[in-house]
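Visitor: Going down the list, the sequences are from chains A and B.
1 is the number of the first residue of the first sequence in my numbering; add one for each residue after it.
1 is the number of the first residue of the second sequence in my numbering; add one for each residue after it.
Since the hints were made in silico from the structure, they are not lab data.
Keep in mind that this is a model prediction, so the values were computed, not measured.
Treat the hints with care, since some could be wrong.
Unchecked claim - Each pair of labels, with its calculated beta carbon distance range: (1) S22(B) / V64(A): 26 to 34 Å; (2) F42(B) / N152(A): 46 to 54 Å; (3) E37(B) / V64(A): 18 to 26 Å; (4) L195(A) / I177(B): 44 to 52 Å; (5) D97(B) / I247(A): 56 to 64 Å; (6) F223(A) / D97(B): 39 to 47 Å; (7) Y87(A) / V93(B): 25 to 33 Å.
Unchecked claim - Chain A regions said to be covered by chain B (calculated; three or more residues, Cβ under 8 Å): (8) 89-97; (9) 117-123; (10) 143-156; (11) 196-207; (12) 250-258.
Heads up, the beta-carbon is just placed ideally off N, CA and C, and yes, glycines get one too.
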Amino acid sequence: MKYQHISLIALCWLLMVPAMGIDTLAVSDSSDFPDKYLHLSFGTGYSSVRDIGTSPLRYQGILVRVNSGYVSENPSRSWGVNGDIFYSAGIAENYYQLNYISGTFNAHYLHTIPIVSLNMLQFQAGGSYSSAFAVTINSSYGNATLNIDFFNAFYISGRVIYPFTRPARTRKIGFIHIRKPQRNYALSYQLDIPLLLINNRPEFSYVLNGLSTDFDIFSGHRFVGGFHLRSNLGLTRYLKNGNAIQIEYIWDVFTTGSRDIYLLETASHTLQFTFYFKLN
Amino acid sequence: MLILLVFVSSCEQIIFTPAISSDAESTFDYLWDKVNEQYAFFDVKEINWDNIYTQYSSSVYNDMPDDSLFFVMGSMLNELKDGHVNLSSEFNVSRFDITLLGPKNIDYRFIKDNYLGTDYYMTGPFAHDFIAGNQIGYIRYSSFMSGFSDDNILYMLDRYEQTQGLIIDMRQNGGGIISNVYQLLSHLTVSDTVLYTSNIKSGPDHNDFSDLMSLYSSPYDSSLTYTKPIAVLIDRGSYSSTSMFSLATLSLDNIFLVGDTTGGGLGMPNGGQLPNGWTYRFSITRTLTNDGINYENGIPPDIYAILKPSDMALGYDTVIEAALDTLLGR
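Please model the entire structure based on the sequences and the hints provided.
Guide: Below is the structure:
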């Protein structure tokens, strides 16, 4: 049965995602050898989901996400892969609840552009790719309770990094001398602008014909289109042992547009904490 | 950087489409449009949906009480005379009670008193025992919501293997899970059989449907398949999955229907939500016989039988007796 097929895909995602590595870590030193990191992230925030196929209402609520992956960076380039599990529970009209679960595989490659990079400011440009499935669950919709969408997107990516150091200093309070060591930081901002989106959304009927014993979840029509903007603003602190911690604000907005398809609009604002574990 | 951040975040409101008004008139129009574009049975219901709009929209005005709006919209949906159509809110659920289109054609207590006694078997959701001097097996299945195992079925088929026929009583069985229909049918078919065809709405026009697909029943892998005559008892309360089962029996030579016309409900209802939060459902698929006949308004029995008080006074269930007449050649 095709549902078993779907379950297998979902299971693969769940197994694959924790094994992947993460995103954008601002480069910490000038070595030509890349710094390689595994990272693990936890985030929470606000999300909204609107799927016209079942409801004109926008469901708004909280989100939690877990992200894990690998990143390799040196002053000239950065690349990485990561997997992201996202869950949000939204409410509409104070009564109805919609659960939105997605799994995303991301990959990026960014190259430093020396011409435009200033003394303390680095500019990077490149591309990103994401492949995702999203499951929408709302028990108020009867046979349309569950929907599955698939999204693939290629982006043009740009990142600006501002590394800075807070010098060591000593403070005296009474008889106590407090010494604060030098700390290295990097402030970064990345924006992903869509180049090509290939999405798979339900057709006019929205649901499959439940009389059939041979469900084909992929029978929904594939279309190219929509708009997906991703950005994150992060502050990274490099630790003495080579590891790093990061706090970032991630903003993500997506719309399929309404051309020949039921409109889907999602937005999320995430505050995410990341631990980078240096591998070399 | 922060300015850029603020800028892109504000883009959200530009990228997204505006919200749809949740006032009474917009909500009414939204529901009417959804039904107009997606409901599957306008042809057999012989309803002019445009006229329905004219009739009911005049009663809708913004700021009207929710209860009044619900009544108007629920009444509009009930014009479809379809048990799969509902409007749901926090305070009420509109519905069309299909069972009221015909008499309640079963009194289960009467059957227990006069046919089953007190020591009948309960195998899974099935109540069953020998009747008519052990010549016939009687099986009562009251809801397709109740799941069962293949072993449940095999036990009954083994127990009644030597009988002259079976009665499967599905009167007032309001339907349930469609996979139970196929599971039960697999024990009653001896070869791959096309049961019926189905398609789904594929566009906004009333006649926009996908290509028809054929639905099959394949025999369960067992030597125990009941091939003797089977009477399926039905009435107006036999709805949805039970109508599907009844429709499927039209393709099986050894099964015949006894009782009253079923309630119909041969479509799969799809759910959705309105701008004010209320939810609705209505059918977006249709099911046709292999000859292309749409029995959405009910599948007629092969042998029409309605409970008669005069029979019941003598301890007879008119419908069961009609089935026995045929099964036993009386």
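Visitor: Now, for every hint given, state plainly whether the structure supports it.
Guide: The hints, checked one at a time:
The hint said 26 to 34 Å for the Cβ distance between S22(B) and V64(A), and at roughly 29 Å that hint holds. Restraint check, F42(B) to N152(A): a C-beta distance of roughly 38 Å breaks the suggested window 46 to 54 Å. Distance hint check: the CB atoms of E37(B) and V64(A) are about 37 Å apart, inconsistent with the given range 18 to 26 Å. Hint check: L195(A) to I177(B), Cβ distance near 45 Å, so the stated range 44 to 52 Å holds.
Between D97(B) and I247(A) the C-beta distance comes to about 59 Å, which sits within the given range of 56 to 64 Å. Look at F223(A) against D97(B): about 42 Å separates their beta carbons, and that is inside 39 to 47 Å. In this structure the supplied range 25 to 33 Å holds for Y87(A) paired with V93(B), their Cβ-Cβ distance being about 30 Å. Only residues whose C-beta sits within less than 8 Å of a C-beta in chain B count toward coverage, and the stretch 89-97 of chain A has 4 of them, enough to reach three; the restraint holds.
Counting residues of the stretch 117-123 of chain A whose beta carbon lies closer than 8 Å to any beta carbon of chain B gives 0, which falls below the threshold of three, so the coverage claim is violated. Check on the stretch 143-156 of chain A: 3 of its residues sit with their Cβ under 8 Å from a Cβ of chain B, so the three-residue criterion for coverage holds. Counting residues of the stretch 196-207 of chain A whose C-beta lies closer than 8 Å to any C-beta of chain B gives 5; at least three are required, and the coverage claim holds. Counting residues of the stretch 250-258 of chain A whose beta carbon lies closer than 8 Å to any beta carbon of chain B gives 4, which meets the minimum of three for the stated coverage.
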